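Engineer: Here is what each chain is made of, one letter per residue.
2 protein chains.
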Amino acid sequence: MTDRREFRDLAPPEEVRDVLASLDVAPGIEWVPFGDARGRILAERIDAELDVPGFDRASMDGYAVRAEDTFGADEASPVTMPLVGTVHAGEEPAVEVEPGTIVEISTGAVLPPGADAVVMVERTTEVEDGIEVRTAVAPGDHVMPAGADIAAGARALGPGTRITPREMGLLSALGVDEVPVRGRPTVGIISTGEELVRPGEPLDSAAGQIYDVNSYTLAAAVEEAGGEAVLYPHVGDDFEAMERLLHEAADECDLVLSSGSTSASAVDVIYRVVEERGELLLHGVAVKPGKPTLVGTVGDSAYVGLPGYPISALTIFREFVAPVVRDAAGQADPATATVTGTMAVTERYSEGRYRLLPVGLVKDGDGDLLVYPVDKGSGATTSLVDADGTVAVPPETDYLGAGETVDVSLFSPDVRPPTLLGVGEDDPTLSELLDDVDRPRYLPVGTVDGLRRLEDGTPDLAVTAGPVDPPQDAVELGGWEREWGLVVADADAVDGLAALVDGSARFVNRGTGSGLRRSLDAALDALAEERGVDRGDLTAAISGYGLTTNAHESPARKVLAGQADAGLGLQSTAEKLGLGFVSLGTQRVGVYAAPERVEKPGVSALERSIDSLEP
Amino acid sequence: MTDRREFRDLAPPEEVRDVLASLDVAPGIEWVPFGDARGRILAERIDAELDVPGFDRASMDGYAVRAEDTFGADEASPVTMPLVGTVHAGEEPAVEVEPGTIVEISTGAVLPPGADAVVMVERTTEVEDGIEVRTAVAPGDHVMPAGADIAAGARALGPGTRITPREMGLLSALGVDEVPVRGRPTVGIISTGEELVRPGEPLDSAAGQIYDVNSYTLAAAVEEAGGEAVLYPHVGDDFEAMERLLHEAADECDLVLSSGSTSASAVDVIYRVVEERGELLLHGVAVKPGKPTLVGTVGDSAYVGLPGYPISALTIFREFVAPVVRDAAGQADPATATVTGTMAVTERYSEGRYRLLPVGLVKDGDGDLLVYPVDKGSGATTSLVDADGTVAVPPETDYLGAGETVDVSLFSPDVRPPTLLGVGEDDPTLSELLDDVDRPRYLPVGTVDGLRRLEDGTPDLAVTAGPVDPPQDAVELGGWEREWGLVVADADAVDGLAALVDGSARFVNRGTGSGLRRSLDAALDALAEERGVDRGDLTAAISGYGLTTNAHESPARKVLAGQADAGLGLQSTAEKLGLGFVSLGTQRVGVYAAPERVEKPGVSALERSIDSLEP
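Protein chains in written order, with the numbering used here: chain A, 1 to 615; chain B, 616 to 1230.
Hints in this document: simulated from the structure, not taken from any laboratory.
No experiment lies behind these values; they were computed from the predicted model shown.
In this text, a Cβ means the ideal position worked out from N, Cα and C, and glycines have one as well.
Heads up, a few of these hints could be off.
Computed footprint of chain B on chain A, listed as stretches where at least three residues anywhere in the stretch have a Cβ under 8 Å from a Cβ of chain B [to be verified]:
1. 31–40
2. 141–153
3. 195–208
4. 423–435
5. 584–595
Model the full assembly from the supplied sequences, consistent with the hints where possible.
Structural biologist: In structure tokens:
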């Protein structure tokens, strides 16, 4: 670790933007078939090459006439003219309108020679010796002249126009069958790190493998910005392999992004390749998160090295790289991607760095937006979906106070706050009930932490399990019972709590904040009292009592994997995973809402859903 | 025309919505590969099937220790322990941390057995007999426990979630390789009308052919709403052929749309097929435009017959059908697709019908939105791009007054008002200059009408050609000269104005509102004075003087097509089309802006662009 790179002279955000803007990542013009043009950006002006319509066109069903033959006609004194022919849409007129004659015509048909107007069918009557016309028309009435819609030579669509259904309509009217559009910049994505595995492939957790998150997150973000993503295979931390890959990607792409590894050595290798084989323009940026960001060139291609943690990589991509991709693709910045809200809590900063603080949104009882920081640790992928956007915090800011107004830059323009923000115990019935709610957000922080957060005022509701003291003013929306106990591989070997204490079974516990753990400890208290000992004597005798896991299925899955003999869990989990179960009792799951939030649509929807449970 | 259908008992908008909502067009669940899931809507809840991370993971580069071995260590009294091994990311630890020993560890690596914390590398020093640790750590420090990000069994994403880059990240972390998404409803589009030709195919204007606009506009709108469009071949007005096609489409699609023809007989045939072979639920709606809309079923499929005119078809689609397609696809309604502005002019209504008035948007000098009606005649395809959205006008409204506040439902959420709204003469140099402006809109209404509209106060600027009296307070942004005259097939046959008057050449003129026509008439005045006759004597002698066309290239194109011998036009047009040219003089093209609009970004951009012209 002696060659570990230090990031000095961190570039401020404006410099990062300037350097990125100076890189050329714009591809050339691409000609696409008309049918594929939707969503693309016109590269060149399209002028009309023909008149639309290409002929004088009847705009009503009726009769083509010489207007002067109708002068003076009205209901009282109609004019009758002999019918000399018919013109339908899509056929060349076979007849001419001689003075004093009349020709039947359909909407959209070519006005026959001689005619200069159309009489609406409603103002005529078929009579024995022809057509009786009961109105006078002026030349041009009910006729759309050739070129009246758009005329040959007229400017139809300008360069930079985004092709939506409306533009598709105009292009089709002009008969355009190939459309010159801005090319999509190709963006190569290189993931580094021996530990990364592609989704769909088997994962060896014991060997520290994890699924690759950044490649796919970034690929999707690149495509959202109008680029075309190209994923390159994972490589390890080998200099030659990385050099080959970077050059291959640079040859094939307008921009190369690397990301994925959090290991310093992989970053070091990339750093050396770019420094030796390309040009390193920026090394470290004064943005949190994002310090280890690199910007440079490799061959003719631009290069950006993103931080390894998913939320950091996506944040830096959105803030600095996406505008470059959009600009190269000719896509406009997304509209209205900013909302204003007030901070739900106070955030303090000790370090003077420009921050892009990931935040979640929730509406309070008055429908006003509350903004709360999301921080599960920067390595968490769930931060990606638990946050709705970022708040830019200038370096000189010491704190954001609760109630302070902040602007939130949304992760995408169509982000909307969840209709319900719940926190607390995780529970399979709850998971199903939440399916009935449109856009819920639920953070499984356990019973104890859930209640604390509810009292702090950010979430709409907390879900508890086991014996609890809910906040005094909380409104109970309802609840249900669940059976809990020991999920076991062999129900004969561990047939109850006493067997766990007295035997040598390897146990897996839950954390102290969970309702399951609280019920277990209460049961241990009862057993201790029965035996006339301290609870501590019993817990010391359980192998693995201190081994806690994060969620309700985790102990059971350790049993399933053969890493333990018994796990604290639910009867429903044992059933789902096909394991044995030793019941230790039932506990109530309760849902408690903040009183001013019970009328929120998502909260009412969950309440209805709870009410519909079988008693 | 005796079987012509009358539309009686027109359904009000609410009834149209109700009937459409009662139709089932939702397809089933579709499983797509993870890489294709972006933009789709989750059909089922995704629970985590594994812990993320799957192991206790170092979140810093440093050294794995038993925390208790560091208790008491600080800068003044460091603890030194022997280094017994190394664990990199992506490998299974080959070493255990026995009491009093230390193991080097990379970010992301598996915490080796025995260790319960990581000391950051920055707080250590390599010394001869091991690693010197200068800080105390607590159990769990710099370790992300298994499942801390997301735990097996936890609810990860709910049904109805739209898959954006963030959700792609979470799905990849969970190793999901196939994703259950809502199917896209397939929407069949049938164009009727003998006159329709697909873009790319040759067009016979003399036979009244036009390019099919509705099929492609609707297909793009269907895909924008989350559906999958299927185009069916054109059919004529034959009952059996239409019946076969409707049944084929109904078999293959969730929803069938017909549109394209404005001919009453084609509509009649569809009407009969639906009435005889399906169920007709609504026949005519009380909405302008949209009266001839049909709603029904054919086989197991829903059916909507849309009006024939493009802007009408798209308006009815967006207002009534798109919500059904979005709902079936599980797509949310587009966010913030409404803006508020004030009417630029007064609109009066004589007929009590619910209206969806197509409108354009323009910002006034204060940056406030002005809303103006777009009405080029309902058959115009250019209305599609000249309008930005619609204003819903209730049946009981007699008029919308200038200055009245109205809500505009935008054609799509990313519609933004043009940065410049110009009107007036069309001119090839102007077309090029407008390429330098971001999102301009230009309506080629001719010099006379352009000046009138500028005085009325809606556009930012008017472009004139030839001798004009601009409004007194208009600001001239600049101008240029253009050479005008006769575009001819044979410059020897028609060598000037006198030859046109005295010979028998077939001429094509421009309309009286155009600057070209005004210059021609001034030249004829001069010739008449020279000859001591009235201008009328001369114009009567020109064959085709009364034959006017809509745009500056149209007369030249008639010459090119052999339909005329000479056309009023520009030197640049003759050159572009490879025709002969007889100059009759030069005329000035002038650009005049409303004084309070000169600072608008688009107007300044055009002014800079004019300034950059060669003098």
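Engineer: Against each hint, give a clear statement of whether it holds in the structure.
Structural biologist: Quick rundown of the hints versus the structure:
1. 31–40: holds (count 3)
2. 141–153: holds (count 10)
3. 195–208: Satisfied; 12 residues make the cut.
4. 423–435: It holds, with 7 qualifying residues against the three required.
5. 584–595: Violated - the region 584–595 of chain A has 0 residues with a Cβ nearer than 8 Å to chain B, which falls short of three.
Comparing the model with each earlier hint shows a violation of hint 5 alone; every other hint is respected.
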